[in-house]
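Number of protein chains: 2
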Amino acid sequence: MSAELSVTENEAKYLKLIYRGQCEESTKVRTTAVAKSLGVRPATVTEVIQNLSEKNLLWHRRYHGVELTKEGIAEAQKLLRKHRILEILFTDLLKYNAQRACNEASKLDYRASRSLINAICKAYGHPEICPCKKVIFSDPKCKKK
Amino acid sequence: MSAELSVTENEAKYLKLIYRGQCEESTKVRTTAVAKSLGVRPATVTEVIQNLSEKNLLWHRRYHGVELTKEGIAEAQKLLRKHRILEILFTDLLKYNAQRACNEASKLDYRASRSLINAICKAYGHPEICPCKKVIFSDPKCKKK
DNA sequence: TGTATATTTTAGGGGTTCCCTAAATTTAAA
DNA sequence: TTTAAATTTAGGGAACCCCTAAAATATACA
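Keeping their order, the protein sequence lines are chains A and B.
Take 1 as the starting number for the first sequence in the working numbering and just add one per residue.
Take 1 as the starting number for the second sequence in the working numbering and just add one per residue.
I should point out that these hints are in silico values taken from the structure, not numbers from a laboratory.
Every clue listed holds true.
No distinction is drawn between identical chains; accordingly, a pair holds when it is met within one copy or between any pair of copies.
Computed list of lysine-lysine pairs in DSSO-like fashion (alpha-carbon distance at most 27 Å, straight line):
| # | residue 1 | residue 2 |
| --- | --- | --- |
| 1 | 95 | 78 |
| 2 | 144 | 95 |
| 3 | 144 | 78 |
| 4 | 122 | 95 |
| 5 | 134 | 13 |
| 6 | 141 | 107 |
| 7 | 122 | 78 |
| 8 | 107 | 36 |
Using the sequences and the hints, build the whole thing.
So, in structure tokens, the structure goes:
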């Protein structure tokens, strides 16, 4: 029973960004880079990172980078699964290009329920790759048959 | 140029509720009823109503009810259009029932962009009635041809 | 190896939004 | 007209997110 602290929508944005950097691009995630990317000041990034750290979603070594914990990775993957399934919906149904689909998905992913995402996933044949060729994480609750 | 103040997601919830009461059920919208409906205290409702009133979205006569202004009605209809188009998506694509579609739509409607909604509207042939038989307001920017 | 420069973190605030309780006030009903 | 119900004020509080200025640390290069 991991007294799972909830993640705010803003924190979710950080998690997705950090995950992409750390796990998909293998770059060292730097405070300043995150700040530029999100349009806030470095001090703000440090603060949010400290909150995420208190929630055990990442590991923070002062003046060095951050590293997502197992829980942080799991949370980021849940979020990115939602994001990418929504991208599939928008490219398939609405013929959006990858960029636009990503934009719209970013506005909704955090709010989309797990069951909604799984229903969409099923409707589109359990896709494994999103429009920008990244992997779509699977959900054990999302039955293929 | 109506220096249009933005509406928070919570305020949007109030607007939708008040619109349904006032315009679709012709009931007098009472503070206590809203409070029960949203699970908050009456004093909280009064406060939010005062904010909406300052944004010129409704008219508040102390100790009597509220009445949406023209701007309030327009805003509520924009929100409900989004809500109902999303309901169409979920019932058509995912075979959700009206109730469930409404639940999911409630989580996303506020965040869905106008253009996304119009794209979905087009994809589903510009529906005019939502799953629970309410009217789907039209958007002049949503071209039928 | 120092020292200058860049990066990051702390300290100290501020604003918004949403919520609450308790005490008034006003309305409506008996 | 009194009383009960509904509503509003008054006065707080907590969560979040953001900022500037100053301190601490790391890094890069003479």
